[in-house]
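When we follow my numbering, the leftmost residue of the sequence shown carries the number 1, and every step to the right adds one.
What the hints contain is simulated information worked out from the structure, not anything from laboratory work. Be aware that one or more of the hints could be misleading.
Stated by the list, open to error - Straight-line alpha carbon distances no greater than 30 Å define the calculated DSBU-like cross-link-like pairs of lysine-lysine that follow: (1) Lys804 <-> Lys782; (2) Lys803 <-> Lys753; (3) Lys753 <-> Lys802.
To be verified - Each pair of labels, with its calculated beta carbon distance range: (4) Leu573 <-> Arg721: 37 to 47 Å; (5) Thr304 <-> Pro237: 33 to 43 Å; (6) Gly47 <-> Ser94: 11 to 21 Å; (7) Asp3 <-> Ile247: 32 to 42 Å; (8) Ser94 <-> Leu197: 31 to 41 Å.
From the three backbone atoms N, C-alpha and C, an ideal C-beta is built for every residue, glycine too.
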Amino acid sequence: MSDRIERALEEVRLLAGAAAVLLSETASSGESTFIVAVAPVGLVGLGTPLPPHDACAPVLESDPARLAFQLPVALRLALPTPATHAWTQGLTDSLLKVTLAWSQPPAEDLTRALAALIDDRLRLAAIEFTLRQRLGMENDRLQTVWGLLEQAIVSIDSLRQEATINPAAERLLGVPTRALPAKVVSEALRRFQDGALDQAEVAAVAGRLAREPDATVSGVVWHFARAPTHVRVTTAPLDGAGTRGRIWVFDDISVQMIALEAAEEARAKYRMLAENADDVVFRQSPRGTLEWVSDSVTTALGWTHDEMVGRPLEAFVHPDDQGLVRRADRSLDGGTGARERFVYRARFVRKDGTCRWLEVSIRTVPDASGRVSAWIGSARDVHEQIEAQQALALSQRRLRASVDGMLDPQALLAPRRDAAGSIVDFVYLDVNRATTEYLSRSADTLIGSSLMETMPGIKDCGLLAMYVSTMERGEPLVLDDFLYANEVLGLVRRYDIRGSRMGDELTLTWRDTTDRFESRQRIAKSEQHFRLLAENSANVVILIREGGIEWVSPSLSRMLGWEPAQWIGRPYLDFVHPDDRPLAKAAVAAIEAAGARVLRLRVLAQSGHYHWAEVHANLHIDTDGRRDGQVASFRTIDAEVAAEAAVARLARFDALTGLANRNEALHRFAERRSGERRSGGDSAVLFCDVDRFKAVNDVHGHAAGDLTLQVLANRIRACVRSSDICARMGGDELLVILDGIRELHEASEIAEKIRVDAERPIPLGDGGQVTASLSIGVALAKAGESFDEVMARADAAMYEAKKKGRNQVVLVG
Numbered sequence: 001m002s003d004r005i006e007r008a009l010e011e012v013r014l015l016a017g018a019a020a021v022l023l024s025e026t027a028s029s030g031e032s033t034f035i036v037a038v039a040p041v042g043l044v045g046l047g048t049p050l051p052p053h054d055a056c057a058p059v060l061e062s063d064p065a066r067l068a069f070q071l072p073v074a075l076r077l078a079l080p081t082p083a084t085h086a087w088t089q090g091l092t093d094s095l096l097k098v099t100l101a102w103s104q105p106p107a108e109d110l111t112r113a114l115a116a117l118i119d120d121r122l123r124l125a126a127i128e129f130t131l132r133q134r135l136g137m138e139n140d141r142l143q144t145v146w147g148l149l150e151q152a153i154v155s156i157d158s159l160r161q162e163a164t165i166n167p168a169a170e171r172l173l174g175v176p177t178r179a180l181p182a183k184v185v186s187e188a189l190r191r192f193q194d195g196a197l198d199q200a201e202v203a204a205v206a207g208r209l210a211r212e213p214d215a216t217v218s219g220v221v222w223h224f225a226r227a228p229t230h231v232r233v234t235t236a237p238l239d240g241a242g243t244r245g246r247i248w249v250f251d252d253i254s255v256q257m258i259a260l261e262a263a264e265e266a267r268a269k270y271r272m273l274a275e276n277a278d279d280v281v282f283r284q285s286p287r288g289t290l291e292w293v294s295d296s297v298t299t300a301l302g303w304t305h306d307e308m309v310g311r312p313l314e315a316f317v318h319p320d321d322q323g324l325v326r327r328a329d330r331s332l333d334g335g336t337g338a339r340e341r342f343v344y345r346a347r348f349v350r351k352d353g354t355c356r357w358l359e360v361s362i363r364t365v366p367d368a369s370g371r372v373s374a375w376i377g378s379a380r381d382v383h384e385q386i387e388a389q390q391a392l393a394l395s396q397r398r399l400r401a402s403v404d405g406m407l408d409p410q411a412l413l414a415p416r417r418d419a420a421g422s423i424v425d426f427v428y429l430d431v432n433r434a435t436t437e438y439l440s441r442s443a444d445t446l447i448g449s450s451l452m453e454t455m456p457g458i459k460d461c462g463l464l465a466m467y468v469s470t471m472e473r474g475e476p477l478v479l480d481d482f483l484y485a486n487e488v489l490g491l492v493r494r495y496d497i498r499g500s501r502m503g504d505e506l507t508l509t510w511r512d513t514t515d516r517f518e519s520r521q522r523i524a525k526s527e528q529h530f531r532l533l534a535e536n537s538a539n540v541v542i543l544i545r546e547g548g549i550e551w552v553s554p555s556l557s558r559m560l561g562w563e564p565a566q567w568i569g570r571p572y573l574d575f576v577h578p579d580d581r582p583l584a585k586a587a588v589a590a591i592e593a594a595g596a597r598v599l600r601l602r603v604l605a606q607s608g609h610y611h612w613a614e615v616h617a618n619l620h621i622d623t624d625g626r627r628d629g630q631v632a633s634f635r636t637i638d639a640e641v642a643a644e645a646a647v648a649r650l651a652r653f654d655a656l657t658g659l660a661n662r663n664e665a666l667h668r669f670a671e672r673r674s675g676e677r678r679s680g681g682d683s684a685v686l687f688c689d690v691d692r693f694k695a696v697n698d699v700h701g702h703a704a705g706d707l708t709l710q711v712l713a714n715r716i717r718a719c720v721r722s723s724d725i726c727a728r729m730g731g732d733e734l735l736v737i738l739d740g741i742r743e744l745h746e747a748s749e750i751a752e753k754i755r756v757d758a759e760r761p762i763p764l765g766d767g768g769q770v771t772a773s774l775s776i777g778v779a780l781a782k783a784g785e786s787f788d789e790v791m792a793r794a795d796a797a798m799y800e801a802k803k804k805g806r807n808q809v810v811l812v813g
């Protein structure tokens, strides 16, 4: 079918002279549109989303902006020549659209006939294509559900003498999952029935079906000596269009029954209720109100007949499940009743406020004219059954999570035998996540594959023979530090290997112990050398277990003045600065999780002062390769920390004046502008230049010039608030950024104050003095204006002040 739509699209593309043709479908919700076919084939991926397109009449689009919106990016990139024109047209009576793209203008006469051409050549083929796609998806969904059902289902078509069973029935009856002759399945059913312990129960069902060929039988439980020990049997006739026969449903309730029997003594009251209470039977009007309820409802729910009649059934159902009741009402409320029976499970609220799971089966009751006059329903208690199912499902999820959470690879294997019955290989049945990571293959590709394929070396090293021996003799396999050439890593490694037989399967677990093996040898050889090194090292070495100091090197005395005995036995946090203790705790946790860490913190000297220390910490591994606390070494780095702080300050501030440098001013301005957008404030920039500064240097020397800049910087700082920014931009150029300025006159007043204060004489060390002045340009930052832009305007205003005779303030809006 895809070939047909592809040919149709290609035919339209060639007739229209288009570079590409897309067939897209809009979801019924209208929320998404995606490509379902394309010509040329493979130009863009199927499923690629398309922008939404209005439902107006199709037009030839050539505007680049509209083309960029109308055509997906993937198509525009795939075309050898950029698209210049596009046409999108919806197909009649469908949610389908056709989009054509040209790399050159199409013929004018073509566009007039294009709508008819598309509707004529594509509409039916496109609609049929999408319908078949949907039917295929629905069939796949139904097959998946059929395969996932826990109940064993057998469907026998007596007209065609065929039968179909699901995988659960295959396991129960021992026949393959496919369409089979009805005779084969009937014989399998008979053998299954013959295994029941109480043949009278089986005969009762058979007798009823013989008397009433169209009868539906449910609620019957057959008992067996072997698993499954309890099977609930339901059978109903098949009488549809072209089909006649019977369907059987076998529900394994062994787990529930065993659970009930095991809890019988502790839950005698509830067991007696479950074993002796009859189903609740009720009659409901089409309007949803209860007309009659059997007295057994009091036993099941605690309500009396009179308390329930006249009220809707929904009133007695848990709020989260009331939608099921309404769905049943809608399904059965169809006049002549398109659906005559509805079954659902819901939590019903007992009179004491607790809830019980009930399975409700409700049928329509027609009147003489065939119209639905009432609904008759029955409800049975399935609370223990559902709780057992939920507990089993939870247990299975926990088991799966536990297996996948294991750090060691674990695999379940089935033996592969030759014609003589000898085991020659194993096949993966199941693997945990660690196995997939170890073998660098997904679970889907591993399951069903050969063990020899992933680990070919197991035969030559004797492992395969050991695995075979474990299967044949049933004795567990225990190997420690086994030497094996790892195919995945390309290295020779050592492993602990454990294997055991489970029925006709082998469970296998392994752990890489190379590091442990080598560590034991290294630690045994180096332990004495390490102690000698630690005791004579300039650094302090400590061993910590469970937060307490177990050992510390003698170098502690030289570095911090403590004797080792004063530290041993005390928590290590006692000697860490209080502000650094969270960092120390986090480092210990990180070491436990990921190994070595390097950090800086302050440690306490015996004098009471704290010193900065650089700490190298890691896990301490004992001779058996087990974690045994943490080991750390440290040295004091007060001088380094002080030097780094000085370097960091020099990178941000001017060394001569102590003002911020250009980069720091730019950074603070950006932060300030971001805050102004949130608070609604504004900023002003004052660009200050020292008048005739060169003359100061020429007459009095550069030392006087430096002193002049320092004094002016201090005077400017004294004129502004602590929240304002003062910076030296270079040479004799100083910058002030005022915070929270809304009007230009506010900035003008501060600038004038700075100008006046700057005029005061500056005394020199030789008894002389310098009189300096400032030319100041003031600019109010505009919305969206960058630092360089507002500074350029202030700079221009400053030069205007210079032109006007210096020692002035010039404003610019």
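Can the restraint linking Lys804 and Lys782 be considered satisfied, given a maximum Cα separation of 30 Å?
Roughly 26 Å separates the two Cα atoms, so the pair holds.
Using the C-beta atoms of Asp3 and Ile247, is the stated range 32 to 42 Å upheld?
About 38 Å separates the Cβ atoms of Asp3 and Ile247, which means 32 to 42 Å holds.
Need the status of pair Lys753, Lys802: alpha-carbon distance at most 30 Å?
Holds - the C-alpha atoms of Lys802 and Lys753 are around 18 Å apart, at most 30 Å.
Quick check: does the Cβ-Cβ distance between Ser94 and Leu197 fall within 31 to 41 Å?
Taking Cβ atoms as reference, Ser94 and Leu197 lie about 59 Å apart, which means the hint is violated.
Are Gly47 and Ser94 spaced within 11 to 21 Å by their CB atoms?
The hint (11 to 21 Å, Cβ to Cβ) holds, given that Gly47 and Ser94 are roughly 18 Å apart.
Satisfaction of hint between Lys753 and Lys803, Cα-Cα up to 30 Å:
Given pair Lys803, Lys753 holds - Cα atoms ~21 Å apart, limit 30 Å.
Honestly, do Leu573 and Arg721 meet the 37 to 47 Å range at C-beta?
42 Å, holds
Thr304 paired with Pro237, Cβ distance criterion 33 to 43 Å
Hint holds: Cβ distance 37 Å, inside 33 to 43 Å.
The structure shown violates just one earlier hint, number 8.
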